[in-house]
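Residue numbers (our numbering), protein chains in the order written: chain A, 374 to 1093; chain B, 73 to 234.
Derived from the structure by calculation, the hints contain no laboratory data.
Honestly, I wouldn't trust all of these hints.
[To be verified] Facing chain A, from chain B, some residues (calculated, C-beta under 7 Å):
(1) Asp-109
(2) Val-152
(3) Asp-186
(4) Gly-188
Computed from a prediction, not measured in an experiment: that's the story for all the values here.
The C-beta atom is built at its ideal place from N, Cα and C for all residues, glycine as well.
Letter by letter, the chains look like this.
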Amino acid sequence: MKIIAVLVFLFLPLISAAQNGNIHGSITDQESGVPLAGVNILLKNTFMGTTTNQEGVFQISNLSSGNFTLIISMIGYEKKTVAPVTVNPGKTTELEIKLKQDILAGPEVIVTASRKKQDIMEVPLSVSVISPRELREKSVTDLSEILPFIPGLFTVNGQVNIRGASGYTLGAGDRSLLLLDGVPLLGSASGNITWAVIPTSEIEQVEIVKSGGSAVYGSSAMGGVINVLTRNAPSQPETRFRLKTGLYSEPVYDQWKWRETPGFYHILELTHSRPVGNHSAWVRAQTNNSDGFNQLDWKKSYNLTGKIKYNFGQSYTGSIFGNYYTDQVGLSSLWRNAAHPFEAPQGAKKDRSEGSKLNINGFFNILYSGNTILKIKSGLYDVHWQNYSTTNDDFADENKLFGEIQLSTGIGKSTQITTGLVVQKTRVEARAFGNHSSLTLAVYMLTQLRLLKRLSITAGTRFDYYTVDGNLLDKKLSPQLAMNFRQSDWLSWRASVSKGFRVPTVAEMFISSQLNVFKVEPNPDLEAETSTSYEFGNSIVHPGNWWISNIKIDGAFFSSTFDGLVEPILGDDGIIHFENITRARISGSEIGIKQNLIGDLIFLNMAYTWLNPVKINKRDQVIDTLSYRYRHNLVTSGGTRLGRFTGLIESRYSSRMDKVQLFPENKRTGQDKRVPIHVWNFSFAYNLRGWDIILRVDNLFQYYYTELERNMGTERNISL
Amino acid sequence: MVKGSISSWNQKYQNLMIVSILILNCLAGSYSCQEPDSLKPPTGIEGNILYHGIWPDSIQAAALVVLKGLDEANLGDLIVDYSNPDYPGTQNSEYFFQLEPGVYFLAAVGLEMDPGLFFTQIDSVLASDNLPLVILDKTPPFQSVFRIRAGLLENADQVINF
């Protein structure tokens, strides 16, 4: 009986009687007439929307009769409004829509904040989006390279910080959740991010949600969520070849020179995409070889990635993504000394790590009507690594299984309910952490209400139940309340309050290791950390005029109070433990501005973030500064697009870190001096018959700095 | 969005926004062009430490210390810096001291406590009357005098005989 009920439920779209009307349409490129897959269609002032399939066709079913306004958008195409579209009972309104190419058109729709397609101006939380054009123009091969240029974000030795939430945690316990197509991609043992496994050339867009993550995504999302959405294959066969080759400059000071010949790096990539019947697929192979800018920065890696998108008509779609990555890298920890900052410490010159990562994700969507979708997601993330060093022969085998069922449905035009169930199981076998397993069970529900034509409220909560080695570690309820008021087509306001949490990772609880002269010992009594976050912000997206156009401004004030924040603490006993420090508060503000000048000839971008990261006592009095956070981050960029040429110059400024943990500055000798980061980059691109030729110089003026104590920042490198 | 199509967009807001954007861009640009404060090669002394003989059981590690004066009874106040500790059994290692220009004295000391603990509690340990440090007898303590000159990195190997 149960089986019959499930079958009836699953095949409901085929047997449902259509008393309401439908909109059916096709979308093509205005010039070539080629059908466009993946175009976003939103019904204005409702929560309804869909996407075109491989043939450029869409259908929104089960609509009440009346007039609708369709907002059509796609990266690289001019946004289009189609109105009025009249829907009559029992009938299907047919549309043929043509979109005009506009290379400057950025993302207009996101999916991460509310687990559903939303107009970016109607999102109730702070969100930044990175488009594939930005990744291409900056010749990005590792996503972490571009993150410090996003308002509210910075990195410390590769560890991403969204509004300063993570600091630097010795590679364990990120407070930012990385998703790949909506499936978590954090390591099981350390909860860390391996940026190298992300196929940056195959990204559709990257969505960064900066608050309220736990109510939607649970643990690790308390500081925010980075969702990398991979592209689907286009409707025409396509082969891409990419070669990036470059060299690192010699240090500007003779004393720091350490090798006879410059260090080189080469990234070679081949991607083929094609439709296969109604389905589509792409496969990509990449090899990456680098001598590195310091003695232990070398790397050899191979990466094979593929994605198949299934289309079984309008109602059933699915996808399988697979990625295998293997590498050998220098095992870097600290420099030899300040007199030789690019050299490995004595006896560590051959230290290395070898590893592999396998990631398989899949989803299956069932569309019941224009506004009811069942999504089934699953994922496997298997990680193996082994260190080869005289002082560190750690190894780990980690795997993670993830499953999720999500149902999203609309009640009328003004209410949307999204609910889901999540199961995640991890297993770790590691020398430094021991053998452990964990299980997460979670249930969530988000309700979006459109109270007035321009006001929408989102209320949601998620309940997580988390066990380690079969014992209950914690159970947490993470509620969220957020609103968006769209004052006009070009101006919106948002405000939110949310609770978040993060359970400590296996590494934080059970690590037993040695870091320089300091022992790192386990603390199995660690508890989950919690947060309460508030934010208020606004967004402006305006076409402007000929002098100043495509104006995008996003600003926000925010504050998060953390209880039991887990940080590595060097105790008076000379031993590092991860501990729940009493309380902390990170407040601040951020603003990002993008605009074009003089008829889109010149583009100017800037982003500024101010943070006040402090430890506080129970009476909210400030008692100390949190380590590994910059108070001020300012990035600016400007350039010109002139026909096939694009020129760009950008700068990044981060103020001197107020506090670090391991090697504070020695005032008597000047040792371990910390300086602000002040880096300039330059790039020049030319498009020649489909080939993008990009010359890029990073750290143009050879500015020397440390993000992490006794680790020199990247040397100037020139790539083509 | 078609340029100029929004009825609510009036000239007043437009001018205000454009002026604000340009001011913010100018501020950001001028801040980005500030005089940078890049790290530079340090002034100081470096070299190898060579250990000869059998390590005594009483010490948990050995290190070089830089002193600004010669008074064994007042060692804690005179220590300017210390090298990374070497554990018993080490035969050779490297040392490096970043120092301001001036005259200094170099000594080898044995640590009678855990090195991690020593460096964590360095300030209180050095301020105490009972230093857990022992001048290693067979080294030439207080004999190794060196002068640091601006912009130069001196190089001198040190031999410690147990």
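For each hint, the structure was consulted:
1. Asp-109: 5 Å, holds
2. Val-152: It holds, given that the least Cβ distance between B/Val-152 and chain A is near 6 Å, below 7 Å.
3. Asp-186: Holds, about 6 Å.
4. Gly-188: Holds - the Cβ of B/Gly-188 comes within 7 Å of chain A, reaching about 3 Å at its closest.
Violated hints for the displayed structure: none, as all numbered hints are satisfied.
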